[in-house]
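With the hints as your guide, set chains B and C onto chain A.
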Amino acid sequence: MTRSSFVSRSFKHWSLLPGVLLLAALTLYPLANLVRMSVSTIEFAEGSEIWRFTPRANLAQLLADDVLRPALVNTLVFVVVSVAAEMIIGLALAIAVAGLVRGKQWVRTAMILPILVPPVAIGSMWKLMYNYDFGIFNQTLTALGLAPVNWLGSTSLALTSVIVVDIWHWVPFVFLILFAAVEGLPTDLLEAARVDGATRWQVVWRIMIPLLRPAIIVAFLFRTILAFKVFDEVYLLTSGGPGTATELVNLHLYKVFFEQNQLGYGALLSLAVIAAIVAFLVTARHVSVAVRAQ
Amino acid sequence: MRQFLRIIAVFATTAGLSLGAAAQQPFADVGKQPPITILVASTPWYPAFEKVVGLYEQQTGNQVKLDTTPFGGMLEKARNAVRTGKSPYDLMFIDTQWTIEFYEGGFLAPLKEIDPTFDMPKEVLTYGDSGYWNAQKRWRTADGGKLMAYTVLGNVQLLYYRPDLLKQAGIAPPKTWAEVAAACARLTDPPKMYGFVVRGEKGNGIRYDWQSVMLAEGASVVKDPAGGDYTVTINSPQAKAALDLYIDLLKRCGPPNYGTLGQGDVIQLLATGKAAMGDVVTAAFASFEDPAKSLVVGKLETVALPAGRGGVFGAVIGNWNAVIPKDAPEAQKKAALAFSRWFLTSAAQRAFAQAGGIPNRSDVYTSDLAKEPRLRWMPAYLETQKFAKQELGYAEGAQVEQILGLRLNQAAIGEMSSGKALNTAAKEIEELFGKNGRKTGALPPLPE
Amino acid sequence: MKLRHAGVPDSARVPRAARGGWMGRTLVALALFAVIGPFLWILTASFKQQIAIYAGQFPFAPTLANYAEVLFGRRSDFVGNIGNSLAVASISTLAVLVVGSLAAYSLHRFRWPVWVSAGFLGWTLAFHMVPVLTLLGPWYIAFRELGLYDTRAALVLTHVTVNLPMTVWLMSAFLREIPPEVEEAARVDGCTPLQAFLRVVLPLAVPGLIAAGILAFIFSWNEFPIALTLTSRQTATVPVAVARFAQQYETQHAQMAAASIISTIPAVLLMLLGQRFIVRGLMMGSVK
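So the protein lines, in turn, are chains A, B and C.
Take the working numbering: the last position of the first sequence gets the number 345, and nothing is skipped along the way.
Take the working numbering: the last position of the second sequence gets the number 582, and nothing is skipped along the way.
Take the working numbering: the last position of the third sequence gets the number 309, and nothing is skipped along the way.
What the hints contain is simulated information worked out from the structure, not anything from laboratory work.
Computed from a predicted model, the values in this text were never measured in an experiment.
Backbone N, C-alpha and C fix where the C-beta goes; we use that ideal spot for every residue, glycine too.
Check the hints yourself; a few may be wrong.
Claimed, not checked - Using C-beta positions, here's what the derived DEER-type ranges look like:
1) A:A96 <-> C:L64: 50 to 56 Å
2) B:K561 <-> A:G196: 45 to 51 Å
3) B:D382 <-> A:G196: 27 to 33 Å
4) A:V124 <-> C:G104: 41 to 47 Å
5) B:A276 <-> A:A108: 42 to 48 Å
6) A:P106 <-> C:Q78: 53 to 59 Å
Looking at chain A on its own, in the form it has when it is part of the complex (with noise of 0.2 Å):
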């Protein structure tokens, strides 16, 4: 066997390897460990660690968990509204911006400026811009002669203003990967299609989106995922109040695993979250399958 062929004839194996085994060395013990943690509870004493085996409490204290509930309905509303309006927004711009004669480049780079903010200086610039007294919202309204809202305070608004700001946060995101893809995409196809009378619109929904589907899938499904990971723009924005009008679900194990210093719990919440996407997801992928059945 030549030197080259070895290497052709195991490509397939070696490019595989590097990224199996950084999985491996930096993936599994924390994980496995994660599992351990939420059947166990961890206290501390004479400096260190104490396992019990108390599966049955962590459970209970799942199914007894007040704040819960509010953040699961909360997260729902959360990733659903932002998720579709990122998708459909990032998608029309992407169309949008790739019909662009001049000046891509320039818009492509614009268009990032959001995702580039330190996620700290995103809740604490726009919890100013929000603010009631001073803010360039109420500014802007009260110089027009309206009244000042009450954007963060009020529980009927809180969540949407998160959602706002997490719309302006991540729609870059979608943006990226939908334009890329859509540079992607086959000219002479569409320039068939055009030739042979479609509209525009005909050219956008029946064969550029059909096109796009696996990209619109990865992005989709890397959106739904960190949106129900949020934290950073709703733990200076608003903590989760007023009341649990903006608790969500990220927040809630941050306050448990953290600032409670409730390890066990925290773990089997996290295990708990992650069966929440799952079912998502799986849902998702339902409704959209009976959709397109239609």
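Chains B and C only, in chain A's frame:
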């Protein structure tokens, strides 16, 4: 130009500190020590601490490294440092609500075991004995407790007010919460001026600020934790009176978004001149006197937090405690203690106060420093030390805060009545204590 | 099959059929306004004094003091922090692109048993669902044992791992867009699989690589919890430095704004340069 002036100012202050130091009673001579690393959070008083550390290095030639960490990451950094066998830090500053976790976990070295000759100077304020741990009683008390920590910086809240506005309305600085309510009704004029601003934010914000009123009305969360009796007393008539008073203040005298006001918001309202009175931490005083951060330079005065109907004063202590991890190398533990000895001297505390920090020795508060206009909060601060208390000093503290922080906020924004909020909180807290094997019970529920 | 390539001028690349109309242009204008508006607000805040931000003053007296304090202040290691972030983000992005595209190509091109391909993709997705803060404890202990605590290497390794799922999935999606006939043609011409990958497939996947690379870079640049846990003062990255302005009682908005603006500049520059680098590098060896 301003940048240039600032640089000059920095040099002048350091020079002034050193000269001033030389003119004072001598600093402690702690001898040659190995370098130490201190874990400290990025806070408004950090620059003052850094200056004092610079003074220490200058005088003793010993090196001190400061690992400045964002406040949000402080607890986790401290925990990681002690849980893995060899601590990267020799001295850590932890917030009062985290101390129980570290004391009970056995992560720290009692200060007297590092050096039996180490003694807390008697002029150092006690701050509710947060530095002592009695393992049998599971309570922080000097009575039978080991010395685990000392206070680096004690922050209590003071009543800030605008004497010009009060004089205009013919009101004297309030001494009771009822006077605050009466005064703020006359001063409030939304949206131009809010009579009294205080935190209503869910969580630590409303919990901490409300508990000062709670203490003033003679109420408490648990009956006698020092004696082991964790009967929940949060839903008492006195507590309800305190909550009703608090919510009334929030609604009548604060901005419409009172349910989300945090400390930063309260400071913002006072600094922009939109509030006539406010309940704010002592450490904010310096920023009110900074023209880059305030429109009311020289216009704010402070007085101790008011009393309740029975004439009882109430205030909650929040303080940073300096602890030494058990797993730090021995020589460095001694060096950290040596630095602490130096830091606790009167001269060092004076330097700390002049640099913008809050000193922890009563003799600094009664010295000539208290007459400086910049430090005119000192009398109110010393007065508060007479009655300020530590709250939530048990292992379940963080969870109790979550419960109270949510229910109080819900009562404030009107999601439930004050009676129902306190009853719900009481039930949840009682369940929590019961689960942890504490001796607990409940009061009869309040009318909802 | 005519495919789009980077390096060809814009106007030549957008045939009449795919050009947007006035609706598209309006949408883009609105989006740019919505996106840049808050960013401009942060920019103006960075030139204001704290009280001007508090009071929402406009117009205001501009000052450079915030930038001076962030960059040259006595207790500021910001320039060093930017250096750390640059190093960690660029290296981890390169690494994750290499590891991720290789893995994606392997799974896409070759026949693997279902348990391997579904298992690998599924494991990465499951791992992506786990909240990062539950991983911090084990990683802290592991890196401390290895003596890698407080090093940039630890950050690079963890960032590559955390960004791997998205890179692999993205590259899978983009590789699927490439028609298999192109690769077949290359094999017929005598290329080894590696050569086919480097000379034919990757150049065609450039838009995907750029998107995945930009995202991996940004995620690494702005990554906060892992950087906070695994670093101390010297190795801290930009998000940790910016978080220092969110203090216990109040946020120093002016300095935070200045720090945020400063932090976007190297990131944008590096992305523009990196894009060109990827495009040039791959086009050099490409075969039509």
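Quick rundown of the hints versus the structure:
Judged by the Cβ atoms, the range 50 to 56 Å given for A96 (chain A) and L64 (chain C) holds: they are separated by roughly 52 Å. The supplied range of 45 to 51 Å is met by K561 (chain B) and G196 (chain A), whose beta-carbon atoms lie about 48 Å from each other. At about 32 Å, the CB distance of D382 (chain B) to G196 (chain A) agrees with the hint of 27 to 33 Å. Range check, V124 (chain A) to G104 (chain C): about 45 Å between beta-carbon atoms, so the 41 to 47 Å window is met.
Restraint check, A276 (chain B) to A108 (chain A): a C-beta distance of roughly 36 Å breaks the suggested window 42 to 48 Å. Hint check: P106 (chain A) to Q78 (chain C), Cβ distance near 58 Å, so the stated range 53 to 59 Å holds.
The structure fails hint 5 only (numbered hints given earlier).
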